[in-house]
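Colleague: Let chain H serve as the given structure and place chain F on it in line with the hints.
So the protein sequences, as listed, match chains H and F.
Note that our numbering numbers the first sequence so that position 34 is 34, with each residue one more than the last.
Position in the second sequence (first residue = 1) + 259 = our numbering.
Worth flagging that the hints you see were computed from the coordinates, not collected in a lab.
It cannot be assumed that every hint is accurate.
[To be verified] Calculated lysine to aspartate or glutamate pairs in the EDC-like style (CA-CA distance at most 20 angstroms, straight line):
hint : chain 1 : residue 1 : chain 2 : residue 2
1    : H       : 259       : F       : 351
2    : F       : 360       : H       : 24
3    : H       : 259       : F       : 353
4    : H       : 252       : F       : 340
5    : H       : 259       : F       : 294
6    : H       : 32        : F       : 371
[As the list claims (entries may be wrong)] If you want a taste of the chain F side facing chain H, the calculated C-beta under 7 angstroms gives, among others:
hint : residue
7    : 295
8    : 300
9    : 304
10   : 324
11   : 327
12   : 328
13   : 331
14   : 334
15   : 335
16   : 337
17   : 362
18   : 365
19   : 369
20   : 373
[As the list claims (entries may be wrong)] Derived coverage of chain F by chain H (criterion: at least 3 residues anywhere in the stretch with Cβ under 8 angstroms from a Cβ of chain H; other residues may be distant):
hint : region
21   : 287-294
22   : 348-361
The structure displayed is predicted, hence computed values, not measured ones.
Even glycine gets a Cβ: it sits at the ideal position worked out from N, Cα and C.
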Amino acid sequence: MRATRILASAALAALAGGCLTFVEVPVETPIKPKLDASPFSRVYVAGFLSGGSEDVDTNLETVRLLRSQLKNKGGMRIIEADVLPLMDAAKPASEGAPAAAPPPAGGAPKDPAAGAIRDEKDLPPYEKIFENKDYWKKVGDEYQGPLIVTGSVFFVPHQRSGYVQKEQEVYDSFGRRSVVPVRTYQDRKGFILKPKFVFIDGRTGETLYSETFREEILYNAEQSTPALSSYFELMDRLLPSFLSTLSSQTIKGSRFLLK
Amino acid sequence: MPALKKLIALAVVGVAVSAMPALAADRKAAQSQVEFGIDAAKNGLWREATYRWERAVELDSTYAAAYNNLAIAYEQAGQLEKAKQAYQKAAELDPKNTYIKQNIDLFKEINDRASHQNSR
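Extracted from the complex, chain H is given alone in its bound form (with noise of 0.2 angstroms):
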C-alpha cells in the first residue's frame, strides 16, 4: 500500500516536475483587412440599390447599420450625410435618363425608383452605376475625396418545405423519458439577404474592392416575424465578415506548445 502511494507520488512529481511534453497556450492571431482604408480620413456609406420586398427600406437600414457599425466597431470618421436615392441614378438608360450626375445631397427620404426589383435577374443594369468613376467622383468630391461604400441589397420572402430533424420526449413502458431526433415535414418561410458592398475611392471614382454575401433565415411557417427583425438579424451574421474588409480582426484560440 506504501508503496503505491510512492510510486503515484512519485508519478505525479515527475509530471509536475517538468516531464510533461506540451504547454497549452492561448493565442490571437490578427488577421489582416482586406482593404488598405488609410489613405482616407472619412467613410462615406452613401446608398445602396435595394431590391426585392417593400416591406423593409433597405438601403436607409443598411445606410443606418453600417454608419454606427464603422464608427462604434470599426473606429471610422464617418459622413453622416444624406442617403444617396440611387436607385433613381442607376436606372438603366432605357427606363429613364442615364446616370451622369449626382444627386444634390439632402435627396429624397424615399426612392422614387424603389420596387423595380422584384427579382435578382433585374439588379445587374442598375449595378452598371458602380462602374460609372465619374458619377462616383463627382459624389466624392462633394466630401472631399472619402472612401464611399456603396452596393446593392436585395432582400426577398423565401419559403421552403422539406424535413427537419427535431428532438422529440418520448417515455417507455417503465415511465423513464428520454429525448430523440425526430425528422418531420414541415413548411417554413423566411427571407434570403443578398448584399453586395462596393467600396469605392473618392478621389478617383474606382472601385477598390466588393464583396458579395447570401444569407438565409427559415421559421416555421406558423410562426410570424417581422420583416424588420429578420434584415437585422440576417445583417448580424454577415457584419464581422463587412468589418474586417476595413479594420484588422483577431481571433482568438488556443494551442499546443512542445517540449
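Modeller: Only chain F this time, still in chain H's reference frame:
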C-alpha cells in the same frame, strides 16, 4: 580495390561517430532554447519566444517541437505563410504527433478564412 572501399566505409563511419556527440550537444542546446521560449510565451513575451525558437531550429533542424512552437509564434504575429511553412516542417519531422496535427487543424481554419477573404 576492396581495401579502398573498406577504407572509405571506415572513414564515413568514423566521421558519423565523431559527429554524434556534436549532434547530441546541438539538440541539448536547442532544447534549452525551446524551454526558454515556452516560458517567454507563457508570459506573453512572444517576440522573445520567436527568437528562441528560431535559434532552436538553427541549432537543430530536425527538432519538430521547435518548428511547431515557431509556427504558433508566427500565427500569433499574423505571419500566416511563415506559420504554414513551419507547421509543414514540424509535421514532416514528426508525422505521428497528435499535438502537431491538432495545431495544424486549428491553424488551417484560420488560414482558410484569411485566404478566402483575400481571394474574394
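Colleague: All the hints need checking, so say for each whether the structure fits it.
Modeller: Quick rundown of the hints versus the structure:
1. Simply put, residue 259/H and residue 351/F have alpha-carbon atoms about 17 angstroms apart, close enough for the 20 angstroms limit, and the pair holds.
2. Restraint check for residue 360/F and residue 24/H: satisfied, since their Cα atoms lie roughly 14 angstroms apart, inside the 20 angstroms limit.
3. At roughly 13 angstroms between alpha-carbon atoms, residue 259/H and residue 353/F fall within 20 angstroms of each other, so this suggested pair holds.
4. Restraint check: the Cα-Cα separation between residue 252/H and residue 340/F comes to about 18 angstroms, which is no more than 20 angstroms; the hinted pair holds.
5. Among the hinted pairs, residue 259/H with residue 294/F is consistent with the structure: their alpha-carbon atoms are about 6 angstroms apart, no more than 20 angstroms.
6. Taking the CA atoms of residue 32/H and residue 371/F, the gap is about 13 angstroms. The hint holds against a cut of 20 angstroms.
7. For the restraint placing residue 295/F at the interface with chain H, the shortest Cβ-Cβ distance is roughly 11 angstroms, beyond the 7 angstroms limit, so the hint is violated.
8. Annotation: residue 300/F was flagged as interfacial toward chain H, and the flag holds, the nearest CB pair being 6 angstroms apart, inside 7 angstroms.
9. Hint status for residue 304/F relative to chain H: violated, with the closest Cβ pair at about 12 angstroms, above 7 angstroms.
10. With its C-beta approaching chain H no nearer than about 4 angstroms, residue 324/F sits inside the 7 angstroms limit, and its interface hint holds.
11. The restraint placing residue 327/F at the interface with chain H holds, with a minimum CB-CB distance near 5 angstroms, inside the 7 angstroms limit.
12. About 5 angstroms separates the beta-carbon of residue 328/F from the nearest beta-carbon of chain H, less than 7 angstroms, and the hint is met.
13. For residue 331/F, the interface hint holds, the least distance from its beta-carbon to any beta-carbon of chain H being 5 angstroms, beneath 7 angstroms.
14. The restraint placing residue 334/F at the interface with chain H holds, with a minimum CB-CB distance near 5 angstroms, inside the 7 angstroms limit.
15. Because the smallest distance between the Cβ of residue 335/F and any Cβ of chain H comes to about 5 angstroms, under 7 angstroms, the interface hint for this residue holds.
16. A hinted interface residue such as residue 337/F counts as satisfied when its beta carbon comes closer than 7 angstroms to some beta carbon of chain H; here the least separation is about 4 angstroms, so the hint holds.
17. With a cut of 7 angstroms, the hint placing residue 362/F at the interface with chain H holds, because the nearest CB-to-CB distance is about 5 angstroms.
18. With its C-beta approaching chain H no nearer than about 6 angstroms, residue 365/F sits inside the 7 angstroms limit, and its interface hint holds.
19. At its closest, the beta carbon of residue 369/F sits 5 angstroms from a beta carbon of chain H; the interface hint therefore holds under the 7 angstroms criterion.
20. For residue 373/F, the interface hint holds, the least distance from its beta-carbon to any beta-carbon of chain H being 5 angstroms, beneath 7 angstroms.
21. With 3 residues having a beta carbon nearer than 8 angstroms to a beta carbon of chain H, the region 287-294 of chain F meets the requirement of three or more and the stated coverage holds.
22. With 4 residues carrying a beta carbon less than 8 angstroms from a beta carbon of chain H, the region 348-361 of chain F meets the three-residue requirement, and the given coverage holds.
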